[in-house]
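Protein chains: 2
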Amino acid sequence: MSDQTRFMLSENDVPRFWYNINADSPVPPTPVLHPGTKEPITPEFLSVLFPMDIILQEISTERFIQIPEPVREIYKLYRPTPLIRARRLELALGTPAHIYYKYEGVSPAGSHKLNTAVPQAYYNKMAGTHALTTETGAGQWGSALAMACKFFDIALEVYMVKVSYNQKPYRRFLMETYGAQVFASPSDRTHAGQSILAQDPNSPGSLGVAISEAVEVAATSNGAKKYSLGSVLNHVLLHQSVIGEESLKQMDMAGEYPDVVIGCVGGGSNFSGIAFPFLRENLKNGKRTRLVAVEPTAAPSLTRGIYAFDYGDTAQMAPIVKMHTLGHDFIPSPIHAGGLRYHGMAPTLSALYDAGLISAVAVRQKAVFDAAVQFAHAEGILPAPESAHAIRTAIDEALEAKALGEKRVILFNLSGHGHFDLSAYDAYNTGQLEDYDFPEEAIATIPQRLPKVNMNIPA
Amino acid sequence: MSDQTRFMLSENDVPRFWYNINADSPVPPTPVLHPGTKEPITPEFLSVLFPMDIILQEISTERFIQIPEPVREIYKLYRPTPLIRARRLELALGTPAHIYYKYEGVSPAGSHKLNTAVPQAYYNKMAGTHALTTETGAGQWGSALAMACKFFDIALEVYMVKVSYNQKPYRRFLMETYGAQVFASPSDRTHAGQSILAQDPNSPGSLGVAISEAVEVAATSNGAKKYSLGSVLNHVLLHQSVIGEESLKQMDMAGEYPDVVIGCVGGGSNFSGIAFPFLRENLKNGKRTRLVAVEPTAAPSLTRGIYAFDYGDTAQMAPIVKMHTLGHDFIPSPIHAGGLRYHGMAPTLSALYDAGLISAVAVRQKAVFDAAVQFAHAEGILPAPESAHAIRTAIDEALEAKALGEKRVILFNLSGHGHFDLSAYDAYNTGQLEDYDFPEEAIATIPQRLPKVNMNIPA
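Residue numbers (the working numbering), protein chains in the order written: chain P, 89 to 547; chain V, 89 to 547.
It is worth saying that the hints were derived from the structure and are not from the lab.
What you are looking at is a predicted structure, and each value in this text was computed from that prediction instead of being measured.
Each hint should be verified, as a subset may be incorrect.
The list treats identical chains as one, so a pair stands whether inside a single copy or across any two.
DSBU-like, lysine-lysine: derived pairs with alpha carbons at most 35 angstroms apart [what the hints assert, rightly or not]:
#	residue 1	residue 2
1	Lys213	Lys495
2	Lys490	Lys126
3	Lys238	Lys495
4	Lys337	Lys540
5	Lys126	Lys495
6	Lys337	Lys375
7	Lys213	Lys454
8	Lys164	Lys375
9	Lys490	Lys164
10	Lys372	Lys540
11	Lys454	Lys126
12	Lys375	Lys495
13	Lys126	Lys540
14	Lys490	Lys213
15	Lys454	Lys495
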């Protein structure tokens with residue numbers, strides 16, 4: 089076991105391949121359905137929104153997919169990211185557990201989101217795309233795609249969930265500095281947005297609504313604009329695998345192997361990014377690492393949602409996929425972890441969770457900020473509220489190990505910094521942070537809010 | 089020459105010694121005078137404000153001073169920092185120059201300031217200090233000291249220059265999250281603050297005023313509180329030498345040696361940190377690197393100030409030192425680079441500049457933000473407005489090299505990120521950024537605003 093604190097790889101260790109869990113998953117993929125016909129979609133349908141290289145990655149079962157050199161060159165601006173042993177946090181907790189975190193916040197956009205923003209912008213550029221649309225919650229994804237689009241000279245429209253747009257003005261200024269146009273969602277620029285505003289002029293918005301708006305703008309642009317999604321889809325999970333691949337090497341440098349790997353989940357991409365390479369080791373090399381996805385009680389799609397076919401967005405414009413869902417019209421409470429305010433969960437991750445290969449836990453906002461501040465006091469880094477969900481569970485695991493007098497090796501993904509979330513910390517510091525229970529009323533009505541699909545579809 | 093982009097050192101390369109330029113400087117140190125008697129001060133006088141270990145470092149002429157292990161342990165959370173070749177910026181500029189930057193923004197506090205905050209908190213802790221006071225401009229220093237004080241369990245009061253307090257609320261929230269108390273300066277908590285407010289209730293404040301307040305609180309605390317300064321003094325410059333020492337190794341990894349080393353200057357510490365180890369190589373090993381300090385036209389102490397004895401603060405409570413100064417009562421225009429709004433300059437740096445061993449240039453706010461945005465578009469990282477002064481000059485050097493068709497190796501210190509400065513970027517993006525000329529009226533009256541000191545003092 090190493091006595092080091094930070095485990096750094098060299099530039100040569102920037103991964104050359106993305107890892108595709110669908111090559112090794114024991115769970116067959118479920119079909120993706122057209123939102124109108126509810127029949128399985130074709131690549132042609134997807135090609136309205138995505139370039140063909142992205143679509144091929146979306147449906148690929150190839151185990152390792154080569155990372156294009158222009159993408160690797162940009163990865164080298166911030167990758168490999170550090171893996172850090174949280175020695176000061178261990179000491180503060182008095183735990184025999186060893187706590188490691190992979191720090192994706194060193195990305196110039198502030199989070200892991202750049203890992204997929206760069207290849208998505210690259211493949212679009214190669215396909216001749218001049219303009220993209222997207223949604224963003226807290227703004228981590230929008231910032232990353234804005235930077236990537238600037239790098240590849242692509243125009244970008246961002247639909248930013250209104251509650252975050254108001255909570256986090258600096259995020260908007262950042263996206264604008266990278267040249268993006270940013271609109272609060274629901275907006276009056278789309279039918280989807282207008283329809284939500286007609287029902288509730290004060291709607292805080294949600295990722296489901298913002299996706300509808302961004303999809304609508306691209307789908308009705310007569311080919312002038314494509315759409316880009318920051319989570320949920322297979323190609324996004326694929327691109328995030330660089331996190332776990334680097335972590336495997338770095339844990340090896342540390343001379344330890346994790347008993348548990350933890351990540352927060354909204355759409356599921358940062359968790360999948362760190363967890364899937366470890367899942368491969370479980371499936372193929374006899375390892376037995378627990379993989380724990382952490383979600384907010386305010387949007388508990390894994391722990392309290394239903395595994396069923398549902399729309400990816402609120403306005404029923406995006407494809408129908410089989411996933412853990414709270415219903416596409418569910419609007420989560422305005423927690424500060426805007427990136428986790430999504431009604432569904434990545435289909436691939438949902439299937440693996442359904443098969444018992446992944447576990448999940450839901451945590452409350454105040455407990456999350458307790459953990460965030462405890463972490464900042466010990467390790468210095470101010471975490472994003474999303475990432476702090478993983479910290480909460482990592483601390484809980486470390487305290488459990490302490491209670492059991494058990495050595496336990498914990499690895500979590502610190503997916504981003506919280507520099508743009510300080511109004512949330514101010515609310516916490518001044519005792520004004522809201523807490524949120526499970527949305528029991530919405531949970532009770534999920535079945536009746538799901539679309540009716542042909543039950544003969546193999547699932 | 090290496091084909092790499094990022095040059096990373098290992099944890100073992102975290103420096104074990106700070107480098108003290110006063111061991112090698114051909115310029116004799118100038119005396120420090122008591123603000124009341126105007127006679128040379130004694131260590132006993134300084135001991136009201138500082139612990140003895142700090143005072144001994146302040147007057148030391150030892151070449152290498154060992155870094156205590158507890159300080160090195162905390163350095164390991166973020167050091168060695170990366171040295172990055174700005175290949176994408178070079179391409180955007182079409183320059184034959186090679187541009188390297190040392191990135192101190194990976195510090196969890198966001199800038200190089202943590203390099204001295206940690207040892208200052210450590211030495212205070214060892215001396216039994218329970219509470220510290222300090223000033224901060226844009227908040228980089230206050231954030232760093234707040235984090236370091238939390239690590240060593242020391243209470244902290246921060247006097248934050250009012251214009252920055254209003255421009256950058258997230259900085260205050262960050263300091264408060266680390267447990268510090270933050271007051272807008274001038275405040276009504278001190279005689280110094282009250283006196284400034286009596287003259288101008290709308291005073292934007294300045295570092296000189298905030299220093300007066302923080303010094304007054306410590307000096308009148310009957311020993312309950314010590315004071316900590318984030319720049320100007322020898323021990324601060326000493327601690328920052330880790331930047332240059334690492335850079336020397338990393339330039340060696342890159343297989344190049346800089347023709348010019350650039351840093352922004354307010355009090356002078358980040359520039360001195362990167363430049364002094366290269367100055368040593370100039371003085372002792374026949375190297376001929378140009379060392380360029382970049383200051384704002386709004387506070388041009390090196391390029392337009394006078395080299396004379398002056399108070400370190402506005403209210404004449406801090407010692408009198410010989411430095412390049414605009415006069416201790418000079419209040420700079422409210423540029424967004426709050427960390428550069430200081431009337432004076434580090435005495436050691438001033439002496440070296442006076443001796444012709446360092447050069448300096450002043451740049452205007454809009455040109456600085458042009459450079460900052462050009463850098464962000466090419467390299468991703470959003471720089472602090474202070475650090476962007478160095479970028480402006482690095483780009484100017486690269487363009488000059490292009491015009492001359494000359495290969496030139498440029499190294500600059502990217503001392504911090506601009507995540508808390510986005511209201512400044514928003515002003516730039518929306519065409520509302522003010523520009524500021526040299527303060528000609530104030531420059532003309534410097535001589536009559538300086539204190540009269542005994543001219544027999546050897547200088």
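Homomeric proximity label, Lys126 with Lys495: Cα distance no greater than 35 angstroms: Classified as neither: same-chain Cα gap 50 angstroms, cross-chain 62 angstroms, threshold 35 angstroms.
Intra- versus inter-copy proximity for Lys126 and Lys454 (alpha-carbon distance at most 35 angstroms): The answer is neither: 40 angstroms in one copy and 55 angstroms across copies each exceed 35 angstroms.
Copy assignment of Lys337 with Lys540, given that the CA separation must stay at most 35 angstroms: This pair counts as neither: shortest intra-copy Cα distance 45 angstroms, inter-copy 65 angstroms.
Alpha-carbon proximity context of Lys238 and Lys495, limit 35 angstroms: Answer is between; shortest inter-copy Cα gap is 28 angstroms, intra-copy 46 angstroms.
Intra- versus inter-subunit Cα pairing at 35 angstroms for Lys213 with Lys454: Close across copies (32 angstroms), not inside one copy (42 angstroms); limit 35 angstroms.
Intra- versus inter-subunit Cα pairing at 35 angstroms for Lys213 with Lys495: between (49 angstroms within a copy, 32 angstroms between copies)
Within, between, both or neither: Lys490, Lys164 at alpha-carbon 35 angstroms: Between copies only: 26 angstroms across, 39 angstroms inside.
Intra/inter-copy verdict for Lys375 and Lys495 if alpha-carbon distance must be at most 35 angstroms: Answer is within: at 17 angstroms inside a copy they meet the 35 angstroms cutoff, but 53 angstroms across does not.
Lys126 and Lys540: within-copy, between-copy, both or neither at 35 angstroms Cα: within (9 angstroms within a copy, 87 angstroms between copies)
Identical-chain pair category, Lys490 with Lys126, by Cα at 35 angstroms: neither (51 angstroms within a copy, 60 angstroms between copies)
Up to 35 angstroms CA-CA - Lys375 versus Lys164, copy category: Answer is both: 30 angstroms inside a copy and 31 angstroms across each meet the 35 angstroms cutoff.
Status of Lys375 relative to Lys337 across identical chains (alpha carbons, at most 35 angstroms): within (15 angstroms within a copy, 40 angstroms between copies)
Consistency note: the structure conflicts with the earlier hints numbered 2, 4, 5, 10 and 11.
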